[in-house]
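Enquirer: Based on these hints, arrange chain A on the given structure of chain V.
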Amino acid sequence: VSGTRQLPAGAVRLRLPADGERLGTARIFGAACARQFGADDEVAEDMRLAVSEACVMVTQAAQRPAATVVITITRVPGGIAAEVSSNGDEQAGDGSSGQVSAPDAGHAGPTPSDQDADGWGAELLHAIVTDLAIERGPSGQSTVSFTVPLTSGELSREMPGLS
Amino acid sequence: MAIELAFDTTATDGWEVLAVRGEIDAYTSPRLRERLTQLMDEGHYRVVVDLEAVEFMDSTGLGVLVSCLKRTKEHQGELALVCTAPQILRVLSITGLDKVFTVRQSVGDITSSA
Chain V
2 VSGTRQLPAG AVRLRLPADG ERLGTARIFG AACARQFGAD DEVAEDMRLA VSEACVMVTQ
62 AAQRPAATVV ITITRVPGGI AAEVSSNGDE QAGDGSSGQV SAPDAGHAGP TPSDQDADGW
122 GAELLHAIVT DLAIERGPSG QSTVSFTVPL TSGELSREMP GLS
Chain A
384 MAIELAFDTT ATDGWEVLAV RGEIDAYTSP RLRERLTQLM DEGHYRVVVD LEAVEFMDST
444 GLGVLVSCLK RTKEHQGELA LVCTAPQILR VLSITGLDKV FTVRQSVGDI TSSA
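Taken in order, these protein sequences are the chains called V and A.
If you use the working numbering, the first sequence corresponds to residues 2 to 164, in order.
If you use the working numbering, the second sequence corresponds to residues 384 to 497, in order.
If you are wondering where the hints come from, they were derived from the structure by calculation, not from laboratory data.
Here the structure is a predicted model, which is why all the values come from computation and not from measurement.
For each residue, glycine too, the CB sits at the ideal point set by N, CA and C.
Just so you know, not all the hints are guaranteed correct.
Stated by the list, open to error - Which stretches of chain V does chain A cover? Using the computed rule of at least three CB atoms under 8 Å from a CB of chain A, they are: (1) 13-27; (2) 47-53; (3) 122-134.
Here chain V stands alone, though its shape is the one from the complex (with noise of 0.2 Å):
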């Protein structure tokens, strides 16, 4: 798919409309996908609050509404790590695989927020993470990555497969 790098190994992906609707799918997954990689209940929850932000972040930088968001999460050492990409140009249902439709009209994106929000979107990111990065593209399209880090227990329990 044009603009979405390849799937590292190990990492898991999901692919939604660029919907409102959507971001109580997107949570999930967050904190399901924490969950799977050894996080206890605070971190999948920090994991669950930092995707829904990024979710919005991506969106609202679009320039027009994106058509869809890319969630990519991975487990890296010390953390599990999370992108959160939007394609401002690209269409949905355009054949890619597991490409799903583009949201009706009349469910735009997220409302614009208050003017506050938008800051207070990112100070929560910056409390919650580590390796924040926010990328904007030319055409609308945006990436935020960022690690949600693992306590010092779950780190000392063993993963296999996991490294």
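Expert: For chain A alone, coordinates are given in the frame of chain V:
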């Protein structure tokens, strides 16, 4: 999966208590704003937002609560929160809004003390 947000409003000791149920995010927060605005348009400026049945709240939810708090303050009122969920208390704490809002563990803690 559509996210639903539901409300239940009661009047207690001079307060309007808005119990919210569901998840508050960029998609659902306009509904919260609409409900709170409706209460204030009706002249209710002492409002308790009960978040006990809220499973998630993000920065857009904070934005709605803060803008409504400002409006109640403009009318010498108050917008207080009921919340015990760690994940929501953490969001309030990170942003420093736990110092801006009156946050209590029960509706009675707010309505009986004012």
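Enquirer: Now look at each hint and say whether the structure bears it out.
Expert: Status of the hints after comparison with the structure:
1. Coverage of the stretch 13-27 of chain V by chain A holds. Counting CB-CB distances below 8 Å, 6 residues qualify, and the rule asks for three or more.
2. Interface restraint, the stretch 47-53 of chain V with chain A: holds (3 residues with C-beta to C-beta distance below 8 Å; minimum three).
3. Restraint check on the stretch 122-134 of chain V versus chain A: 5 residues with Cβ-Cβ distances below 8 Å, three needed, restraint holds.
Hint compliance for this structure: every hint is met.
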